[in-house]
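The primary structure of each chain is shown beneath.
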Amino acid sequence: MIMVRLQCKAEILKILRNPYFVFWSLVMPIVFYFIFTRIVNANAPDEKLWQAHYLMSMTTFSVMGSAMMTLGLRMVQERTQGWSTFMKVTPLPDSIYFLAQMTAQTMIHLFSIIVIFIAGMLINGVSLAPQEWIMCGFWILLGSAPFLAIGTLVGAMQKVETAAGVTNILYLLLALAGGLWMPLEMLPDMMQAVGKWLPSYSLGNGAWEIIRGNFPEGKNVVILLTYFVLFMLLSKYVRRKQEAV
Amino acid sequence: MSDMLCVQDVTKRFKDKTAVDQVSFSVQKGEIAAILGPNGAGKSTIISMILGLLQPTAGTVQIFQQPPQNRKVREKTGVMLQDVNLMPGTKARELLNLVRHYYPAPLSMKTLSDLTGLSSKDLQTRTEKLSGGQKRRLGFALALSGDPELLILDEPSAGIDVTSRKRFWETIGYMAEQGKTVMFSTHYLQEAEEAAERILLFHHGKLAADGPPEAIKKRVVKQAVTFRVRADVSFSHWEGFSFIQSVRRRQDRIYIETSDTDRTLELLFEEETGAYDIQVENGKLEAAFEQLTSAERGAVL
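These protein sequence lines map, in sequence, to chains C and B.
The opening residue of the first sequence carries number 328 in the working numbering; numbering runs sequentially from there.
The opening residue of the second sequence carries number 81 in the working numbering; numbering runs sequentially from there.
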């Protein structure tokens, strides 16, 4: 047990000390939030609702990013630099190593969610019912699973540079086309049609529904689950193929 | 059977290349054994198989009579790999403390820093900011952290400065006195000769020689007496002597390969050959190594 705790602690510290994490997952979403709710006038009919809506968009943006980048790039880095090999020759069981990494990642997501929610309260005085805050938090936390699966897929790449490039592009595309930067309705019809099927839209939309007093749509759950299974299988397949060599 | 490590008929084939070919040896408790060989001799491949990181194509590896992947084995083995960049974003002390907790009976932080020469300043530094030498020291500390019975070190002295290297070998000596078993790979010949009591010489994936440094020398190192002499003096009958292996003439110089330089010299004067400019070449391990490795290129005296 102490092994799990120490391992988690080390993994969490490691993520928090990573400047890319702090920049992309905490600073950027908060700065964007400030700009699009305070500086740029969004002309939203219901300003309070827009502020809560965009807060959920940015939280989704943050968690989605750290799920793909922090996890994926770290995996590539540890493998190419030989640390994963070293871990294999220590007595630490793989299962504990994996458990600790996943727990650490979840804690980090929870931490990002709380920080960005608080930023929303401080910047715009966003106020939601306690159960809405909690539901939104849990929805985004659990809904990040498909992005973690993408992260493990990224983690199978050979070079840190390629992995970073690919995830950055994927990240920004998913965020833009999924309606996280601006509502999907403001995008061209064609992009809207595609966007509705992206995991980023489904994750955001669940939270947007919650702040409007609804539950996430069944379709959102199905889409996220499908992506999760798809990427997990793909990642497993790629890994098996690599091991065979 | 009290073998700490037993490698039996191990072969490793990659697609079109045999990296390790039918290698067998065992290491006893308290031994310091060096795996010596040039780059590409199969040193790293054999170490990877001993560590259970690679599966042999044929043959078996056992440590403490168990497969190397067993957790019990891992708990009693300390490992230092080549080119490992330690977990970034972690201070040396945090990392060392973390890894210590993987083992049932770890050494204390103080013992570890004393043994490896890591200063308290080094320990406060994040791993990515450590210099190459400091990284190796931390790597060594990680290998020792579980108070292992068996230490396996892949090219341990690569990339460390002279002072650290000296301290490193002193620590290894100390570990051996404590009854630990040490196995390391190197392509520094002198290092294997000085630090190990036994050398496993690898060449083209095969175990070319195995024994104490002196015995290896005797077996593979050729001593020679060379001199100049008038062109009409013949030495062909010398090849009949048991202590002479070969006689060769190149330009005006005669090369006599012998296992006994003293008797060869005696003979040289007894027969009044008129030899001059005599040189005795006492083969060093370096030379043997050169010979073994250059045999491929067809280079002869």
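Some hints here could point you the wrong way.
What the hints assert, rightly or not - Below, a list of computed lysine-lysine pairs in the DSSO-like style, where the Cα atoms sit at most 27 Å apart:
1. 109/B with 286/B
2. 109/B with 246/B
3. 486/C with 201/B
4. 568/C with 95/B
5. 286/B with 95/B
6. 286/B with 568/C
7. 109/B with 415/C
8. 546/C with 563/C
9. 336/C with 201/B
Keep in mind the hints are simulated off the structure, nothing from the lab.
| message | Of all the hints numbered above, which does this structure not satisfy? Sort the numbers upward. | response | Those not satisfied are hints 3, 6.
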